[in-house]
Amino acid sequence: MLEQPEFGRRLRQLRLQQGKTQADLTGPGMSATYLSRLESGGRPPTPRAVGYLAERLGVPVASFEQPPASDLGDVLATLYTLSGSERDAELRVMLQGALAEPGTTDQQTRWQALAHLARLHGALGDYAEERDTLGELHRLSDALARPALQVHTLIRLARSLRHLGDAAKARDLVWEALRLCEQHHLQVPAADTARSRLLLATTEAELGNLAEAARLSGEVCHTLPRTDGALAAESFWVAATVQTRLGQYTRAAELLRHALAALDSHEDLTLWMRLRLAAASLALQTVPPRVEEAAARLREVEPALDLVGSPLHRHEFQFLHAQLHYRQGDLATAETLCGRAEEGANLFTYRDRVRLEALRGLLDIHSDRPGALDRLRKLATTVQEAGLPDLAAEIWRTVAEGAAPRS
19 MLEQPEFGRR
29 LRQLRLQQGK
39 TQADLTGPGM
49 SATYLSRLES
59 GGRPPTPRAV
69 GYLAERLGVP
79 VASFEQPPAS
89 DLGDVLATLY
99 TLSGSERDAE
109 LRVMLQGALA
119 EPGTTDQQTR
129 WQALAHLARL
139 HGALGDYAEE
149 RDTLGELHRL
159 SDALARPALQ
169 VHTLIRLARS
179 LRHLGDAAKA
189 RDLVWEALRL
199 CEQHHLQVPA
209 ADTARSRLLL
219 ATTEAELGNL
229 AEAARLSGEV
239 CHTLPRTDGA
249 LAAESFWVAA
259 TVQTRLGQYT
269 RAAELLRHAL
279 AALDSHEDLT
289 LWMRLRLAAA
299 SLALQTVPPR
309 VEEAAARLRE
319 VEPALDLVGS
329 PLHRHEFQFL
339 HAQLHYRQGD
349 LATAETLCGR
359 AEEGANLFTY
369 RDRVRLEALR
379 GLLDIHSDRP
389 GALDRLRKLA
399 TTVQEAGLPD
409 LAAEIWRTVA
419 EGAAPRS
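Each residue of the sequence shown is one higher than the one before, starting from 19 at the first, in the numbering used here.
Cβ-Cβ distance ranges computed for the label pairs, FRET-style:
id: 1; residue 1: Glu-194; residue 2: Pro-78; range: 47 to 57 Å
id: 2; residue 1: Gln-402; residue 2: Gln-130; range: 38 to 48 Å
id: 3; residue 1: Gly-265; residue 2: Gln-35; range: 53 to 63 Å
id: 4; residue 1: Ala-208; residue 2: Pro-23; range: 48 to 58 Å
id: 5; residue 1: Gln-126; residue 2: Arg-55; range: 31 to 41 Å
id: 6; residue 1: Asp-124; residue 2: Ala-363; range: 34 to 44 Å
id: 7; residue 1: Gln-346; residue 2: Arg-393; range: 18 to 28 Å
id: 8; residue 1: Arg-332; residue 2: Pro-388; range: 27 to 37 Å
id: 9; residue 1: Gly-357; residue 2: Ala-209; range: 36 to 46 Å
id: 10; residue 1: Glu-230; residue 2: Glu-24; range: 52 to 62 Å
Below, in silico cross-link-like pairs of lysine to aspartate or glutamate (DMTMM-like), each with a Cα-Cα straight-line distance of 25 Å or less:
id: 11; residue 1: Lys-187; residue 2: Glu-412
id: 12; residue 1: Lys-38; residue 2: Glu-83
id: 13; residue 1: Lys-187; residue 2: Glu-200
id: 14; residue 1: Lys-396; residue 2: Glu-361
id: 15; residue 1: Lys-396; residue 2: Glu-419
Hints listed in this document are in silico derivations from the structure and should not be mistaken for laboratory results.
The structure displayed is predicted, hence computed values, not measured ones.
Beta carbons are placed, not taken as given, at the ideal position from N, Cα and C, and that holds for glycine.
Sequences and hints are given; from them, build the entire structure.
Structure representation (structure tokens):
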């Protein structure tokens, strides 16, 4: 019989080969905790446990006498079998374990595994881990010298960096990806090229280059092959966001109407929901805030949130509701909802984390908490020093609002 940790690795390999989860193997003869410790190598196997597992897996006991081979391919083969957000955490552990195994896995298989692992990190809100994994994927893509893989990785890494607030590096990576496409005459789908340019527009906007962001997003909108569907909705959404930051609220509202009309809920309910969350956010960012419009969008999105909303979407919804109640003067409800949103702040983009912290600052000021205004000023200074002038200007406006005499 194999000893630990080889036994645990062999158990995991046999389980994955059959597309089973740990929960599928638990029962009267095997607790979830004990099974987990067996797989991790934390407990030695007993003859009774081995017999039970062999029966549940439908394999002979002798199967546990064979040393485990590298099981990265097995993990990849079961990714789609075990798909579903509720299993993302388990799939991530599987991939991390398999990638850590010594072996002669070919580089293409390793590339696929890293790409999936980065996706799982992002889905679970571990954005720093996502960035680091994509960095490793970027280095592997360069080593393979496959331009198509390099471009794919560069765009994903750029999105991750923008999410974390490094807009300058994200912009550089998008330009690098676009140059590679041109240099190698890659046959990239038009929709992917358009989304790359939209990503470039959002990074320019974060860096305060709003005119360039407006030009880029406008070009994408003007060259759309059709004005409905997911690409059209995303394009009008980005353009509306840029126009809102430019203070062109009428034009932004027009573009947002196009975005909302471009996609039916039956086509992509998640994107349909995200569009309405974005519409509520942009309505609250106008001067003065369009409170009734924001409230209407949040009412519209609530049923979809129950069906397809992720933890991120639910915390975004709470944040937007907190902003709405603050603007309506209901500070007690805003305080409660802000607290709930803060529980999921790690899932937010850098921009939304800062804006959530700014709302907390306003609420603290209204509650006369010591040092609240100074903390808000420090937040604005930090964002300004991070090289994000557009966001910094928004937070400085919040500072001015907090410092104004209360009636």
